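Student: Model the full assembly from the supplied sequences, consistent with the hints where possible.
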Amino acid sequence: MPTQSARYDALPSLFPGHLPTRAPVSRYSAAAKGGSTNLSVYERLSHHGSDATALDTSFLPSGELDTNDPSPPVEGNTLTNPRSYAPGSMMRDYNKHIIWACLLLLGPLPLSVVLMYLIYANLQPRNQGAGFPDSITVDGTNRSLSDQEYYVNYSATQLVFISSLSSTLALALVPVAMSLFGYMAAFTMQKASNTGKSSNLPSPYQFELAIRLLGGSFTDLYQYLKYIFHPRRKRLAAVPMLHHSALVLALMLSLAVCITMVDALLHIGTSTVQYHSTIPYLAADFNPGRRLPTVCWDNSTLSLYAPCNINLGGSGARTTFSNSTEAYLTLGNQSTRNIVRLADDGKTAVITPPTSPSGVQFTASSYASSTTCETVSKRCKPHYNGDGDCDACQSWAYNCTPDAAGLNISGNFSGILAAGGDFPVVLQFFSTSSKVLNTSNGAAHGQIWSAVLFSLPAGSDEGMYRGEDTQMISDMYYDPDKDLLADTYGNIYGILSCNTTLSDVTYSVRTDGSIYDAVTTPMNDTASSPFYGALSYSFGDPNLGTGVNLAAASAASSEDLAYQFARVFDRTILGLSAGLLPDQQAVSMFQVQTKQVAKVPVAEFVALIVLNLVLPVVGLSLGAWAWVLCVRHGVRDVQARLGIGALVAGLFEDEKFNETATKVEDLYAEMRNYPTARVAVKTREEKASQMFVAVVDDGGGGGGGREI
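All letters in the sequence shown, in the order written, are residues 2 to 709 by this note's numbering.
Simulated from the structure, these hints should not be mistaken for lab results. Just so you know, these numbers come straight off a predicted model, no measurement behind them. Ideal Cβ positions, reconstructed from N, Cα and C, are used throughout, including at glycine. There is no bait here: all hints are sound.
The calculated label-pair distances, taken between Cβ atoms and stated as ranges, are: (1) Arg673 - Leu226: 32 to 42 Å; (2) His231 - Ser255: 21 to 31 Å; (3) Tyr155 - Pro543: 56 to 66 Å; (4) Thr595 - Ala284: 15 to 25 Å; (5) Ser255 - Arg673: 34 to 44 Å; (6) Trp101 - Gln159: 28 to 38 Å.
Tutor: Okay, structure coming up:
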């Protein structure tokens with residue numbers, strides 16, 4: 002075995018202390034099949050003391066001058082034709098290099114397959130039919146499904162983790178793709194060398210820059226742009242090899258950045274949400290629909306004098322209405338069978354069950370009422386109508402005309418007080434929407450036109466009584482905010498004009514009891530009769546009086562007062578008939594099941610899959626091209642030297658290794674199990690600069706040795 006103090010046989014011996022005056026110069030030569038490949042410098046020859054300039058083309062195969070070379074003359078020594086060696090084995094390991102590079106570039110493909118499998122195999126089935134489509138809850142808000150999103154029964158964290166791997170690989174695989182493009186760059190350089198086209202051969206700096214670009218670093222791309230667009234530097238024209246390397250690197254980096262950005266958008270759009278799916282609910286013990294009983298439709302049993310739910314009194318008996326207990330329980334929100342709720346439009350009241358089975362949504366048929374009111378107290382021309390100074394002689398009157406108030410009614414406010422009760426209310430019905438003629442015959446085609454006159458207890462608004470923030474109208478105090486009047490005794494009065502529509506309704510109820518998609522059809526006269534009848538017989542007056550008192554106390558404006566009373570009117574007219582209505586089966590019922598799913602944006606997911614497919618396609622294309630170039634043109638020898646490995650070997654190792662190397666590692670003595678030198682930094686005394694030198698370890702262990 003050779004001693005450490007001796008250099009391996011292939012390394013020429015140098016005297017101790019000897020150091021070359023400059024670093025070894027690389028050489029270019031043609032790559033021939035069956036022979037070794039060296040890198041040589043192709044320079045212009047400048048003869049000192051003469052204006053003549055000639056090209057040293059002795060090493061070019063054709064020996065012809067490339068007259069198209071725009072490169073300016075370079076001052077320097079002419080390099081002789083590089084030494085020729087006996088033909089040896091060319092580097093044959095391109096197959097492994099290309100195959101491994103292609104396999105690495107295929108890395109995003111299995112990740113994309115796994116991601117697609119996890120999403121499509123666990124995709125949540127959707128029910129978006131009529132009735133109760135599936136929905137999701139995002140940030141506490143329930144919303145419908147979107148066609149721009151996938152809902153996946155899988156962990157959102159694991160899905161985005163897989164997508165993150167693909168984006169990480171994309172940036173890591175840029176140097177791998179550039180190593181395959183190195184074969185194309187090698188072919189370009191080999192072709193230019195073989196054909197003697199010097200204009201396509203790079204300068205040493207361009208060659209160094211091209212090698213860095215083939216390394217796949219973004220910073221090297223910046224150096225290329227700086228070199229190309231530097232405004233003050235004179236340079237050689239950049240060769241196609243340099244441009245193509247920069248272009249391919251820019252494209253690969255752009256692809257990797259796009260994958261990273263799309264992955265970031267996928268991270269942002271992917272989240273865990275609550276998914277509400279629906280399945281048919283088949284239990285037969287819950288019937289949320291309501292219908293009129295047969296007796297209300299049977300002409301043979303209908304009374305000419307009263308609706309089907311009114312029991313007329315006589316011979317001392319009081320008039321009553323059917324199942325009044327259930328009606329009053331409903332009006333008091335105490336019933337376990339019925340409740341009047343407002344639909345999501347804010348103006349349609351529907352009679353519906355107060356509760357439903359847990360997680361059940363349903364669509365049912367029932368009855369609805371929708372009332373609109375407006376205050377007309379001032380427009381009814383209130384005025385003092387007294388005759389004398391005695392209390393009994395004092396009175397205040399109103400006169401509502403169609404032109405001024407939109408209805409025809411007149412009288413004394415004292416007549417409202419005569420209705421009795423804590424909160425007196427008087428209802429006046431009209432036969433047409435013009436509200437000119439009074440009627441007691443009932444609703445017409447589901448429409449009820451009415452005037453509501455009410456009185457509030459004296460002292461319920463002390464501010465009006467004391468005249469604070471009020472006006473005086475014909476000796477009556479007037480509150481312009483709520484359109485209310487008060488006499489000198491503090492009794493408060495108001496007049497409302499209301500329009501009511503009674504309807505058959507098909508509606509849907511969510512699991513929280515809210516009503517939506519209420520579709521109404523006005524009732525006919527027969528169906529309207531029971532609802533109107535109980536109201537016309539004053540059974541609802543106590544509820545209306547209490548409701549208007551609460552509305553007047555809480556309302557901030559006359560419009561608010563009118564709206565609140567309209568809701569009381571709807572609840573009263575439906576609640577009075579609640580005991581009359583038997584159950585009816587639902588139109589449809591669904592059980593809602595809630596689960597947590599991953600919400601994945603479709604656009605970002607598809608874009609990531611497509612980009613992850615582009616990267617392997619580009620890699621396979623580069624690999625196939627590189628394989629063809631190696632087989633047909635033997636570019637592996639040149640490609641192997643377009644890297645730091647071959648350049649370092651050319652600087653420190655024996656050139657004879659170049660003849661028999663079949664892979665880059667064979668250019669190094671250490672990889673051949675030969676004794677090797679150490680690389681150290683040596684200060685040159687004559688120039689006081691530092692450079693790398695190879696030092697033979699003499700085995701002293703103290704850092705000594707001799708330079709080579």
